[in-house]
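J.: Chain by chain, the residues:
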Amino acid sequence: MTTPRRNATPPVRRSLRDILRASPRLADRWLWGARRRVRLSDAAYGTGLGGRLAELAGRTALIRVGDPIFAALALIELDGVARRVVLCPPDLSDDDLPYVIETAGIDVLVADKEPAPSLRRLDFALIGAPAAALAAEPTSTHDTEWVMFTSGTSGRPKMVVHSLAGLTGAIRPAAADEPPPIWGTFYDIRRYGGLQILLRGLVGEGSLVLTAPHEPMTRLLGRLSRRGATHITGTPSHWRAALMNPALRTLAPRYLRLSGEIADQAVLDTLKAAFPHVPVGHAYASTEAGVGFEVTDRLEGFPASFVGAGGAVEMKVEDGSLRIRSGRTASHYLGPDAPALIEADGFVDTGDMVERRGDRFYFVGRRNGVINVGGLKVHPEEVEAVINGHPAVRMSLVRGRRNPITGAIVVADVVLNEAEPVAGPAAAAIREQIMTACRARLAPFKSPASVRFVPSLAMTAGGKLERTFA
Amino acid sequence: MSEAALRTRPEQDSGPRATLRPAIAAKFAEIAAAQDRTLAELTDDLVLLDSGLDSLCFALIVATLEDELGFDPFTIAEDVYFPVTFGDFVRFYDDAAP
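Keeping their order, the protein sequence lines are chains X and G.
Quick note: the first sequence uses this note's numbering, first residue 1, plus one each step.
Quick note: the second sequence uses this note's numbering, first residue 471, plus one each step.
Okay, chain G solo, but in the shape it has when bound:
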């Protein structure tokens, strides 16, 4: 699973700021395992609805990431925005990171 995450590096990873992708990918794997879900390969263009996770899983991912990272981009984002793909999801966190 984390291999899949490592295989698909996003473009902005070459930028000066570190991406949260490894932490997020690990969290997806952790919640999928806890909820007995089979997780699809986490590529940038993976549509979240096809990831094998349901909305409860995403709720748990967002809540536990907030505990670990100290922020929740859904709450602090100015626009009402909902990521569609795994790439969107990671970018959403990277952009909101303090």
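Just chain X, same shape as in the assembly:
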């Protein structure tokens, strides 16, 4: 177990409620959900816990809600009050709850509806919209631990411990000469990428449009357009889905951001073509490593000068993977047999593999997503980047197919743009062009053995391409 470096000089603790109250124009700022909206001044000065907030001081709360707006409200209420808040992602299975409750030491459930019978033994607090002014001011005595879940590939969910200081470490004050930002995100705020945007909206003087679970892209884009969203974020897969939707053209953003997956040149170029005058950044962040850095030159990968440069976020590359040391990383995993999250030298191994070409590093995939073709490693993302460069291709998924000769071979599932034929001679020609491009630009073992046209690709609840490892 290593000691997080940021504990060297503990900052003066201000709760999220304190931060909100100190920020300007609170009565003009909103959280806009799909079904309800909440004025931030009401969130900062009121309570939706029906008088129970004082009781929750020093407790460990599991926040499990249907509508993410209540997760935002619960975080505002409980930060600085509870000892620990554990934020359930929307897809966390009921089957995992006993493990989560045991491992995180949960002693109260905060939910937006009555709990299921299996959870009734747990103390329960109902959260609603702020309905009353706080009877007594909460005393901000606890440096509340914020616990998030990582998208593990299999097995039990992994819980990662953050602090508010670490989570907000990358947030810079809004430019004084610009109107306050209206944040929109395709992420659910209960995941790291979405939580970052919630906190930017709350701490950074703006408002925020929140997603609803299973909300169709057309509806969400309509709401973003109606609320005048200016700063919009999502994964490259979210953006590819949005780019297929005519409603995207109704937006008038000032800033677009991609994170959570590798942003390839094709998606960056397509966004640039759709919004020629809007800055597009792609950011590196992960639940464990926190917010790393942002790339604003509209090129995939990142400048090699970022590595070894020092500063608030230190980066190094070891055994091909990116390592990050900063005050924004998580401190540890929860659980008795949890692996170390921070290595002895203070760096977090992100498991994201990078490769240097010239004066730039390129992401080539996850360490555990590697396809092993007869002992030679193939990163699916590297092949996908070539396939996605074909003008007829919307998106692709490269995976390993079991093979008796080499253990695995590379195959590709490809979604074509709507207008493209998926059968017949024209489709065969596209398939041949894709294969030819792969053979020209990739080593033979990396070229897909087959290219299959599919109508769509499965995405995880987190908005990333669903990768199943053979």
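Hints in this document: simulated from the structure, not taken from any laboratory.
All values derive from a computational prediction rather than experimental measurement.
We treat Cβ as the ideally placed atom computed from N, Cα and C, and that holds for glycine.
Just to be clear, a hint being listed does not mean it is correct.
[To be verified] These stretches of chain X come out as covered by chain G in the derived footprint (C-beta under 8 Å, 3 or more residues):
{"#": "1", "stretch": "23 to 33"}
{"#": "2", "stretch": "260 to 273"}
[Said to hold, decoys possible] Residues of chain X clear of chain G, computed beta-carbon distances all greater than 12 Å:
{"#": "3", "residue": "Glu145"}
{"#": "4", "residue": "Ala312"}
{"#": "5", "residue": "Thr436"}
{"#": "6", "residue": "Lys464"}
Given chain X's structure and the hints, the job is docking chain G onto it.
T.: Coordinates of chain G only, in the frame set by chain X:
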């Protein structure tokens, strides 16, 4: 290339069941061309390692034959067996054919 395949008919071809040899020979030629390999003449006793193809080529041959024929004898065979010659390879497929 297919001429070479036709010139060397295996004995069991005289039996009641059709051999997959033409399909397999065509697949060898197709993959060799796609992978820029020079394929040796496909005789029964051609040792596969001397065919001009590497293991990736064989992996691709087995995978695409599985797509076209609907089976992969390497996976359904009970014994751990690996064909050594082109003749073995064809027999392996013929024996496993449903």
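J.: Now look at each hint and say whether the structure bears it out.
T.: Hint-by-hint comparison with the structure:
Counting residues of the stretch 23 to 33 of chain X whose beta carbon lies closer than 8 Å to any beta carbon of chain G gives 0, which falls below the threshold of three, so the coverage claim is violated. Only when three residues or more bring their CB closer than 8 Å to a CB of chain G does the claim for the stretch 260 to 273 of chain X stand; here the count is 0, and the claim is violated. No beta-carbon of chain G is positioned within 12 Å of the beta-carbon of glutamate 145 (chain X); the least distance is around 49 Å. For alanine 312 (chain X), the requirement that its beta carbon stay farther than 12 Å from each beta carbon of chain G is met, with the minimum near 46 Å.
In this structure threonine 436 (chain X) is not separated from chain G by more than 12 Å, as the shortest Cβ-Cβ distance comes to only about 10 Å. With a closest Cβ-Cβ approach of about 27 Å to chain G, lysine 464 (chain X) is found to remain outside the 12 Å limit, as its non-interface label requires.
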